[in-house]
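Enquirer: Sequence:
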Amino acid sequence: MTKIPVSISQLAKYGLDYVSLISSSASRSRPVKTEQMDADLLSVPDLIFKSEVDSIAIDLVTALDKQFDPDIPSDEKSDEQRQAEWRVERDRGILNKIQEIDTKIRTDEYTKRVVLQTGFISFEAKRFLESEFSEDYEKYEAPLFQIPVAAINFKYTPDGVSVVIDLPDNYVEILNGPLKNFLPQQYFDKVFKFIADSEAEEKTMIPLADDFIQDLWSAIRAQLDGLDAKSISEAPSFATSIVAITNKTNHFLAEDLKAIAALEDEDLLETSLGSWVSDEDMAIEQSVSDDGSTEIFFPFDYDKYQLKVLGITANKAVIVEGPPGTGKSQTISNLLVHLAATGKRVLFASQKDQAIRGVKEKLKTLDVPFLYGYIPDKTSKLYTEEDEKDSAANTLLALNREFQKGKVGDLKEPLALLANRSNIFVENLNNERSIYALLEERRSLSYLDAFHPYDIDGGWYSQCGLLEDTISGLEASVSKYENAHEKFLKAANKKFKNLELDYQTTIDSIENIHAYFKENMPERSSWIGGKVNEMKLRSALKEHGRNLLQEIYVEVEKILFSDNTKSARLQLLDSLSNYFVYGGESKAITTSRSSLNELL
Numbered sequence: 017m018t019k020i021p022v023s024i025s026q027l028a029k030y031g032l033d034y035v036s037l038i039s040s041s042a043s044r045s046r047p048v049k050t051e052q053m054d055a056d057l058l059s060v061p062d063l064i065f066k067s068e069v070d071s072i073a074i075d076l077v078t079a080l081d082k083q084f085d086p087d088i089p090s091d092e093k094s095d096e097q098r099q100a101e102w103r104v105e106r107d108r109g110i111l112n113k114i115q116e117i118d119t120k121i122r123t124d125e126y127t128k129r130v131v132l133q134t135g136f137i138s139f140e141a142k143r144f145l146e147s148e149f150s151e152d153y154e155k156y157e158a159p160l161f162q163i164p165v166a167a168i169n170f171k172y173t174p175d176g177v178s179v180v181i182d183l184p185d186n187y188v189e190i191l192n193g194p195l196k197n198f199l200p201q202q203y204f205d206k207v208f209k210f211i212a213d214s215e216a217e218e219k220t221m222i223p224l225a226d227d228f229i230q231d232l233w234s235a236i237r238a239q240l241d242g243l244d245a246k247s248i249s250e251a252p253s254f255a256t257s258i259v260a261i262t263n264k265t266n267h268f269l270a271e272d273l274k275a276i277a278a279l280e281d282e283d284l285l286e287t288s289l290g291s292w293v294s295d296e297d298m299a300i301e302q303s304v305s306d307d308g309s310t311e312i313f314f315p316f317d318y319d320k321y322q323l324k325v326l327g328i329t330a331n332k333a334v335i336v337e338g339p340p341g342t343g344k345s346q347t348i349s350n351l352l353v354h355l356a357a358t359g360k361r362v363l364f365a366s367q368k369d370q371a372i373r374g375v376k377e378k379l380k381t382l383d384v385p386f387l388y389g390y391i392p393d394k395t396s397k398l399y400t401e402e403d404e405k406d407s408a409a410n411t412l413l414a415l416n417r418e419f420q421k422g423k424v425g426d427l428k429e430p431l432a433l434l435a436n437r438s439n440i441f442v443e444n445l446n447n448e449r450s451i452y453a454l455l456e457e458r459r460s461l462s463y464l465d466a467f468h469p470y471d472i473d474g475g476w477y478s479q480c481g482l483l484e485d486t487i488s489g490l491e492a493s494v495s496k497y498e499n500a501h502e503k504f505l506k507a508a509n510k511k512f513k514n515l516e517l518d519y520q521t522t523i524d525s526i527e528n529i530h531a532y533f534k535e536n537m538p539e540r541s542s543w544i545g546g547k548v549n550e551m552k553l554r555s556a557l558k559e560h561g562r563n564l565l566q567e568i569y570v571e572v573e574k575i576l577f578s579d580n581t582k583s584a585r586l587q588l589l590d591s592l593s594n595y596f597v598y599g600g601e602s603k604a605i606t607t608s609r610s611s612l613n614e615l616l
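Going by our numbering, the sequence shown runs without a break in its numbering and finishes at 616.
Just so you know, the hints here were simulated from the structure itself, not pulled from any lab data.
C-beta: ideal position from N, C-alpha, C; glycine also.
Every clue listed holds true.
Okay, the calculated beta carbon distance ranges per label pair:
| # | residue 1 | residue 2 | range |
| --- | --- | --- | --- |
| 1 | G481 | E96 | 27 to 33 Å |
| 2 | V384 | L145 | 52 to 58 Å |
| 3 | N447 | A275 | 34 to 40 Å |
Working from the sequences, and respecting the hints, build out all of it.
Expert: As structure tokens, then:
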């Protein structure tokens, strides 16, 4: 047996180093992240310099203190209220972004991960592209360190939310990948070597040492200085931090390599991974022909290249490559059928649900009972009831029925059992779907959790809506009156604005006087008739105006006994009545707003 002077574990570790090298630049997508959080929300030095920490809490205030009135004019707000409103707006933005991050990671946890980033650096340098530098300087500002996040939990309080971030790993990752955009390879290699040596010496474990931060930044600065970079940070800044979601580069490969690196070579030599260090059982190529000399069970079309794959399946490991559209799924389907037909048991797996689904659909067209057992991904967006019917669970049930056929005396019993099990299956499936739909609906409403302590219900919401509609209608009426009677309003305000009065009583009194005057006072009369009418009018004024304030009574009296025509005096009474209607509506707006603020 010929051996290469290297171990499987060493090759796995080399692969891990390569993944680490390219991980930070593998994705061009812009990560979802919060705005920079100050030390009052999260103290980074306490997290990474002092001791090991399993979790951290970010206390966010999302509700304005009830002592502050958000509706008062801006110029009347105190500095304390402005500061409180600024914090609520900032914390709501941070909470919304963290909830977005949490939702995204739940649906794509295999290729995405959450990190806490800090240690911000900045400089200006020329971008290095295709072996040459650009002409203009470009400003770079980004975090240099990040800590993986295991989970995000939300604890709701009357004032807001406490975001608890779990940190399972006590190490810090160095975000040196973006520096490749400014450093030629020989410069970047020096930085990479320093980081690799530091990781080997466990200098990147929490708590970090101050001298490690200084040495790391000195190593990076030395390379930037050599390229005439400008405005370079004195040191990484830990005054702020962000929570972000980033891509997991080569996630499955990295996880497999970690597991392999932890094993002994003796445990792996007999597996396909043994081909890394041994060429035993790696040069087998059997002659395969479809002229009848070789037993072939390929139910689907194939060409000579796809047939050739069958001749190398006896090797310890095989790699078959081909660009899109060359029939890889069909080749796999043919191989699975051939191996099954020759008594082999085969496990076909893929990190992508679509790949498994494509092969399953091909095998299904053969209509061969018990050919395969399909394990569907119930979290996939492509998952349907048809997938459940094709599943291994249903296949096993069918097998069980086949074995029981010879034991069932009454042929009606299996039919009844089948119908009963079918009903149970459908019921359970519908229950599962209903629960999942409710869960998704609950997740979509998670932003409302902050309002739970305030006992918000349908009645409260209806009351708020009614008050808002009332205020809106009154404001429209008041605005219309102010625009149409600006001059009269100014004159009337001078006389009546500061009076403490019952608006509805005042309006009713004026309307009664108006009705009496309109009905009983003639347009013209003789001198004697006029005196009689005047006496009647004064009597009516005393009767209907007894609830009027003195100032208003005098104004009504002036109108009634003026030298104006009857029509003019009626118009003046209308104007006076409308003014107090306007005053009543203005007061109602204030009262409604106060009621709404109490509810909120």
